[in-house]
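Undergrad: With these hints in hand, go ahead and build the complete structure from the sequences.
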Amino acid sequence: ETGVTQSPTHLIKTRGQQVTLRCSSQSGHNTVSWYQQALGQGPQFIFQYYREEENGRGNFPPRFSGLQFPNYSSELNVNALELDDSALYLCASSSRADTQYFGPGTRLTVL
Amino acid sequence: TQLLEQSPQFLSIQEGENLTVYCNSSSVFSSLQWYRQEPGEGPVLLVTVVTGGEVKKLKRLTFQFGDARKDSSLHITAAQPGDTGLYLCAGGNEGSRVGAQKLVFGQGTRLTINP
Chain Y
1 ETGVTQSPTH LIKTRGQQVT LRCSSQSGHN TVSWYQQALG QGPQFIFQYY
51 REEENGRGNF PPRFSGLQFP NYSSELNVNA LELDDSALYL CASSSRADTQ
101 YFGPGTRLTV L
Chain C
1 TQLLEQSPQF LSIQEGENLT VYCNSSSVFS SLQWYRQEPG EGPVLLVTVV
51 TGGEVKKLKR LTFQFGDARK DSSLHITAAQ PGDTGLYLCA GGNEGSRVGA
101 QKLVFGQGTR LTINP
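Respectively, the protein sequence lines represent chains Y and C. For the first sequence, position 89 matches number 89 in my numbering, and the numbering has no gaps at all. For the second sequence, position 30 matches number 30 in my numbering, and the numbering has no gaps at all.
Just so you know, these hints were derived from the structure itself, not from any lab. Note that this is a predicted model, so its numbers are computed, not measured. Accuracy of the hints is not assured; some may be wrong.
Residues from chain Y that face chain C, not an exhaustive set, calculated with beta carbons under 10 Å [to be verified]: (1) Gly28; (2) Val32; (3) Phe47; (4) Gly56; (5) Gly58; (6) Pro61; (7) Pro62; (8) Ser65.
Using N, Cα and C, we set each Cβ at its ideal position, and we do this for glycine too.
TA: And the structure:
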């Protein structure tokens, strides 16, 4: 077990709705990265937060947004959900130049 | 855009056989990581290789980083049913002075070892 937790475990939404996913990082880690893993694919980098500031973003539209709190936990928000947003959303916490530890993920289904 | 291609995508072999999974790119990476992912869980790091030509061994698993740091391979000797899972390679780049590497993942190799 990595010590990285994510909530909720599963979530079902309909097109057009908004969703917030949460990630609690491992103790002592100041960096959280979010990845989207579609079925049968490898994870794709969404964005990263370092000390509450966005530190890099992948090829995802602005309706994907995030936040990191002073305790280094993080949220991923997705507005105007589309069917293609159905995926496993993974967060990974790390310290600088250290191993990234992944949480178990949140399975999002958009109907 | 950096891409990593893994092959094969699916592999089903008998217990005791050997196998190799490949991870190839046209881009240079500063490091290459291999992960294993079980259903319902996040990826778990197996190894990181950073030097061109580097070889690392983890029990029956041998990892190699290509000389040009564009490709890598994972070789499993005498595969066991417990090796069943999704194997992912991921390339990392040194580029940011802060934070962690933004990983580029391959699409994964789903390995099944039959008893």
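Undergrad: Determine for every hint whether it applies to the structure shown.
TA: Going through the hints against the structure:
| no. | hint | in the structure |
| --- | --- | --- |
| 1 | Gly28 | violated, 13 Å |
| 2 | Val32 | holds, 9 Å |
| 3 | Phe47 | holds, 9 Å |
| 4 | Gly56 | holds, 5 Å |
| 5 | Gly58 | holds, 7 Å |
| 6 | Pro61 | violated, 16 Å |
| 7 | Pro62 | violated, 18 Å |
| 8 | Ser65 | violated, 17 Å |
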